[in-house]
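Taken in sequence, the protein lines are chains B, X and F. Each residue of the first sequence is one higher than the one before, counting from 1 in our numbering. Each residue of the second sequence is one higher than the one before, counting from 1 in our numbering. Each residue of the third sequence is one higher than the one before, counting from 1 in our numbering.
Since the hints were made in silico from the structure, they are not lab data. Just to be clear, a hint being listed does not mean it is correct.
Stretches of chain X that chain F covers, calculated by requiring three or more beta carbons in the stretch to come under 8 Å of a beta carbon on chain F [said to hold, decoys possible]:
#1 108-116
#2 242-251
#3 280-287
To give a feel for the contact side, a few chain B residues facing chain X, derived at Cβ under 10 Å [as the list claims (entries may be wrong)]:
#4 C54
#5 R56
#6 F94
#7 L105
#8 H112
#9 A116
#10 R134
#11 R161
Reference excerpt, derived from the structure (chain X facing chain F, CB under 8 Å, subset only) [said to hold, decoys possible]:
#12 F119
#13 Y129
#14 L290
#15 V291
#16 L295
#17 Q299
#18 L301
#19 L305
Please read these numbers as outputs of a predicted model, since none were measured by experiment. Just so it is clear, CB atoms sit at the ideal spot from N, CA and C, and this is done for glycine as well.
Spelled out from the first residue to the last, the chains are:
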Amino acid sequence: MVAVTPLLTTRRLSKSFGGLRAVHLVDFTLPEGQIRALIGPNGAGKTTFVGLLCGRLSADDGEIRFLGEDVTRLPAHQRIRRGMAYTFQITSIFARLTLLENVALALRRRLHGKSAQVRAEAMRALEQVGLAGRAAQIAGDLSYGHQRLLEIAMGLAQAPRLLILDEPTQGLADSEIDDFKALIGAVAGQTTILLIEHNMDVVMQTAQFITVMDGGQVLAEGTPEAVKANAAVQAAYLGTA
Amino acid sequence: MSETAKSLAFHGAVVALLVALHFALPAYHHGNLARIMVLAVYAMGFNVLFGYSGLLSLGHAMFFAAGMYGLGLPMQHLGLAAAPALLCGVLAALALGAAVGFLALRTTGVAFMIVTLMFSQAVFLTILYFGEYTRGDEGFVIAQASRAIAGVDLSDSANRYFAALAIFAVGLAVTLRLIHTPFGRVLIAIRENEERTRMLGYDVFAHKLGAVVASAALSGLSGAAYALLFGYAGATFASVQYSIFPLLWVLLGGAGTIIGPFIGTVFMFYLIDISSGLTSAYMLIAGAVLVALTLFARQGLVGELRRRVMPWLP
Amino acid sequence: MDFGPYLFLASLEGAVTAAVLALTAVGLSLVFGVMRVVNVAHGEFFMLGAVVAWWVASYAGGHPAIGFALALLIAPIVTGAVAAVADFLVLKRLDYDPERTIVATIGLLYIIQQTVLMTYGPEARPVEAPFNVRIYFPWFGYSTYKFFVIGAAVAILLGVWLLMTRTRFGLVMRATQLDRETALAFAIPVDRVYALVFGLGAALAALAAVLIVPIQQAHYLMGGDPLLLSFIVVIIGGLGSLAGTIVAAVLVGMSDGIISVFFSPTLAKIIATLLVALVLVFRPQGLFGKRAL
Numbered sequence: 001m002v003a004v005t006p007l008l009t010t011r012r013l014s015k016s017f018g019g020l021r022a023v024h025l026v027d028f029t030l031p032e033g034q035i036r037a038l039i040g041p042n043g044a045g046k047t048t049f050v051g052l053l054c055g056r057l058s059a060d061d062g063e064i065r066f067l068g069e070d071v072t073r074l075p076a077h078q079r080i081r082r083g084m085a086y087t088f089q090i091t092s093i094f095a096r097l098t099l100l101e102n103v104a105l106a107l108r109r110r111l112h113g114k115s116a117q118v119r120a121e122a123m124r125a126l127e128q129v130g131l132a133g134r135a136a137q138i139a140g141d142l143s144y145g146h147q148r149l150l151e152i153a154m155g156l157a158q159a160p161r162l163l164i165l166d167e168p169t170q171g172l173a174d175s176e177i178d179d180f181k182a183l184i185g186a187v188a189g190q191t192t193i194l195l196i197e198h199n200m201d202v203v204m205q206t207a208q209f210i211t212v213m214d215g216g217q218v219l220a221e222g223t224p225e226a227v228k229a230n231a232a233v234q235a236a237y238l239g240t241a
Numbered sequence: 001m002s003e004t005a006k007s008l009a010f011h012g013a014v015v016a017l018l019v020a021l022h023f024a025l026p027a028y029h030h031g032n033l034a035r036i037m038v039l040a041v042y043a044m045g046f047n048v049l050f051g052y053s054g055l056l057s058l059g060h061a062m063f064f065a066a067g068m069y070g071l072g073l074p075m076q077h078l079g080l081a082a083a084p085a086l087l088c089g090v091l092a093a094l095a096l097g098a099a100v101g102f103l104a105l106r107t108t109g110v111a112f113m114i115v116t117l118m119f120s121q122a123v124f125l126t127i128l129y130f131g132e133y134t135r136g137d138e139g140f141v142i143a144q145a146s147r148a149i150a151g152v153d154l155s156d157s158a159n160r161y162f163a164a165l166a167i168f169a170v171g172l173a174v175t176l177r178l179i180h181t182p183f184g185r186v187l188i189a190i191r192e193n194e195e196r197t198r199m200l201g202y203d204v205f206a207h208k209l210g211a212v213v214a215s216a217a218l219s220g221l222s223g224a225a226y227a228l229l230f231g232y233a234g235a236t237f238a239s240v241q242y243s244i245f246p247l248l249w250v251l252l253g254g255a256g257t258i259i260g261p262f263i264g265t266v267f268m269f270y271l272i273d274i275s276s277g278l279t280s281a282y283m284l285i286a287g288a289v290l291v292a293l294t295l296f297a298r299q300g301l302v303g304e305l306r307r308r309v310m311p312w313l314p
Numbered sequence: 001m002d003f004g005p006y007l008f009l010a011s012l013e014g015a016v017t018a019a020v021l022a023l024t025a026v027g028l029s030l031v032f033g034v035m036r037v038v039n040v041a042h043g044e045f046f047m048l049g050a051v052v053a054w055w056v057a058s059y060a061g062g063h064p065a066i067g068f069a070l071a072l073l074i075a076p077i078v079t080g081a082v083a084a085v086a087d088f089l090v091l092k093r094l095d096y097d098p099e100r101t102i103v104a105t106i107g108l109l110y111i112i113q114q115t116v117l118m119t120y121g122p123e124a125r126p127v128e129a130p131f132n133v134r135i136y137f138p139w140f141g142y143s144t145y146k147f148f149v150i151g152a153a154v155a156i157l158l159g160v161w162l163l164m165t166r167t168r169f170g171l172v173m174r175a176t177q178l179d180r181e182t183a184l185a186f187a188i189p190v191d192r193v194y195a196l197v198f199g200l201g202a203a204l205a206a207l208a209a210v211l212i213v214p215i216q217q218a219h220y221l222m223g224g225d226p227l228l229l230s231f232i233v234v235i236i237g238g239l240g241s242l243a244g245t246i247v248a249a250v251l252v253g254m255s256d257g258i259i260s261v262f263f264s265p266t267l268a269k270i271i272a273t274l275l276v277a278l279v280l281v282f283r284p285q286g287l288f289g290k291r292a293l
């Protein structure tokens with residue numbers, strides 16, 4: 001059998017905040033092309049973990065390998081350049097710029113500023129999330145749900161090898177959640193997705209594989225069915241043993 | 001008409017108006033306007049950093065002074081000709097910008113303001129310390145005979161006016177071009193949301209450093225041109241007051257607008273010119289305007305104009 | 001004079017500088033600690049204190065001690081009131097946004113300085129010391145008033161410390177410093193606390209100035225140096241840390257006195273400003289403090 005290098009691995013990855021072990025000795029492997037959900041109760045360390053992956057936080061200890069390369073000490077922008085994209089848990093867009101410019105900023109680094117091509121690809125990314133008609137609007141004027149979609153469009157526009165989505169459906173209406181699920185279905189296969197999500201419906205319908213975190217550690221991993229049946233997972237979520 | 005075409009027409013019209021004013025203005029205002037156009041380039045340089053990149057420096061006088069002395073000292077002591085001295089002034093400011101930016105950009109917000117203030121103060125004190133060469137507060141006059149480029153006598157008022165206008169047009173063109181380049185767009189993105197920009201894969205530090213260097217170079221160009229056209233270099237131009245002036249001009253005219261720095265410089269120059277005729281405490285006006293601007297008009301004059309009438313103004 | 005006595009004299013002068021500097025810097029530090037406001041106009045409050053002291057002393061007449069005692073009372077009150085009004089009219093309306101507040105206090109700096117220039121004029125004027133007994137060391141005579149300055153500064157700083165740790169107002173201040181939102185939720189009138197703290201900070205600078213005017217004359221441009229030195233002290237001591245501020249004031253005051261005996265004062269200032277910049281760049285929590293700017 002040929003050993004395939006996974007897209008991303010971590011070994012004994014750890015991060016503490018003043019004595020609190022937010023992430024502790026996490027070993028994690030993500031194969032290319034997978035849609036992986038990261039779940040767990042509040043305070044489980046999910047956001048800290050993905051923050052370590054993309055370089056918003058620096059690890060105290062352990063190692064992160066992306067595309068076979070040790071990226072543990074690289075600054076965030078270097079990791080993004082190697083093919084990661086990150087969408088923020090709390091919407092973080094350029095509120096006073098147009099939608100088109102928001103997406104164009106996500107594209108220009110890759111396309112080296114060829115303006116006609118940037119414009120065409122930006123429109124395509126906006127079309128993908130259904131916001132093409134609003135390209136000239138100021139992003140801050142959008143509804144919250146549309147801002148979340150814009151954020152995803154900015155993630156997709158980077159054509160990443162790994163797209164990290166931190167609670168993308170938080171605060172969305174049911175119809176918008178349906179649109180989101182369809183969107184994930186549509187981009188599946190083009191990119192690897194790591195998804196932090198609280199909405200179990202979304203997780204069960206989109207994820208191919210699930211990692212459960214609790215207390216800064218990986219509690220369980222498996223297919224959606226296996227995780228659903230796992231007693232430890234139920235205990236962590238429902239407080240029943 | 002597209003927004004780009006409108007903007008080009010507008011700024012072209014401003015330059016044309018300034019050409020026309022050469023023939024219309026009485027001598028006193030003609031001289032003032034030459035000064036204002038040169039100082040406006042300083043304001044434009046400050047605006048690249050403050051208005052477009054969101055970085056507030058309280059020490060820009062060091063870059064203005066670097067240009068001024070970078071031109072003045074070699075002309076005075078080494079007999080360098082005006083044209084290479086002008087280049088030397090810009091390069092001095094550029095190098096200082098790179099060094100200061102490299103250190104100061106490790107800080108943000110209030111710390112960045114204080115660090116730039118302190119570096120600038122150190123430059124000011126250094127000029128005083130080497131009074132033997134710089135003649136300190138008193139300053140030195142650059143000999144009229146040496147103030148010529150390609151045979152054009154820059155101490156002649158008409159020549160000086162057009163030289164000032166040329167420098168002004170360069171400043172205008174450079175800033176207008178800058179904000180439409182990918183580099184400039186990233187600066188605006190950093191101003192709007194630094195963390196987001198970093199997480200789109202941009203090297204925020206390198207872009208900010210580029211902004212400091214560009215801003216310092218424009219400020220240095222202004223300082224060098226000022227010394228060359230008006231024949232004087234003095235330590236006052238390195239004092240805190242000259243770090244506060246561009247802030248005033250830009251706030252008054254409109255931060256993050258291309259023409260705002262010029263409009264702000266015109267207004268403030270005449271406000272101080274008129275009030276210094278009435279009292280020696282003319283900086284009172286500057287203080288009052290500063291407080292009023294932070295309280296009531298954060299957008300400045302051109303910012304308000306853009307908001308109400310001309311949304312296409314860059 | 002030999003080197004030993006020379007150093008002794010420099011140390012005495014340094015101690016006077018340190019005492020006055022500690023008072024001024026604690027005022028700046030208090031305002032930053034509680035309100036997170038960098039007050040660039042602080043030096044002008046110092047200057048205002050000195051000018052008010054001159055006015056009071058010249059109207060009081062009689063024995064110089066009467067005028068001085070009145071000035072010690074009136075100058076900080078007047079200066080504190082001016083500061084509180086400025087807080088109410090300007091800083092409060094800016095919602096204490098750090099960058100806009102700095103710009104506004106630069107404006108205040110010019111307004112105060114230039115108003116004094118218009119009314120008090122450009123002259124430097126002395127205030128007579130309340131007493132002028134000299135004590136004689138084997139090598140030189142020294143004014144006892146300077147010892148009084150040191151003693152008074154220590155007493156006032158002790159008073160500030162008691163105010164912060166032993167009174168209800170101190171408790172309220174510290175609560176506001178820790179968390180503005182929670183303080184509001186506990187019905188602490190944050191607006192009034194801020195105005196009082198800003199006034200208190202200015203009053204401390206004014207007190208320092210009253211103590212120094214018998215040695216150094218009152219002049220409308222005298223605020224620049226205390227501002228710079230206070231910044232140096234507060235940044236080296238760690239912003240918002242009162243103990244660190246006092247330690248740094250003693251350090252800077254003493255070394256300023258001693259260094260300017262041996263080096264050119266301009267060179268000393270160049271080194272000091274670069275030191276502040278580099279401390280902020282490489283050790284933003286100060287040499288003694290824990291919190292970054």
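**Asked** Does L105(B) meet its interface restraint, that is, does its C-beta lie within less than 10 Å of any C-beta in chain X?
**Response** holds (5 Å)
**Message:** Less than 8 Å between beta-carbons is the criterion; does Y129(X) satisfy it with respect to chain F?
**Reply:** holds (5 Å)
**Request:** Could you check if L295(X) really has its C-beta closer than 8 Å to a C-beta on chain F?
**Result:** The hint holds - L295(X) has a Cβ within 8 Å of chain F, the shortest such distance being about 6 Å.
**Given coverage of the stretch 108-116 of chain X by chain F, checked by CB-CB distance under 8 Å (3 or more)** = With 6 residues closer than 8 Å to chain F, the stretch 108-116 of chain X meets the three-residue bar; holds.
**Message:** Checking hints one by one. Is L301(X) an interface residue toward chain F, by the C-beta closer than 8 Å rule?
**Reply:** L301(X) check fails; min Cβ-Cβ to chain F is 17 Å, beyond 8 Å.
**Request:** Would you check whether R56(B) satisfies its interface hint, that is, whether its CB is within less than 10 Å of any CB in chain X?
**Result:** Hint holds; R56(B) Cβ to chain X Cβ min 7 Å, cut 10 Å.
**Prompt:** Quick one, is the L290(X) hint okay against chain F at 8 Å, beta carbons?
**Reply:** Holds: closest Cβ of chain F sits about 3 Å from L290(X), inside 8 Å.
**Request:** Using 10 Å as the Cβ threshold, decide whether F94(B) counts as touching chain X.
**Result:** holds (4 Å)
**Within 8 Å of chain F's CB atoms, at least three CB atoms from the stretch 280-287 of chain X: coverage verdict** = holds (count 7)
**Message:** The hint names H112(B) as touching chain X; please verify it with the least Cβ-Cβ distance against 10 Å.
**Reply:** This interface hint holds because 8 Å falls under the 10 Å limit.
**Asked** Taking the closest Cβ pair, is V291(X) under 8 Å from chain F?
**Response** Holds. Min distance 4 Å.
**Asked** Taking the least C-beta to C-beta distance, is L305(X) closer than 8 Å to chain F?
**Response** violated (22 Å)
Hint violations for this structure: numbers 9, 10, 11, 17, 18 and 19, all remaining hints satisfied.
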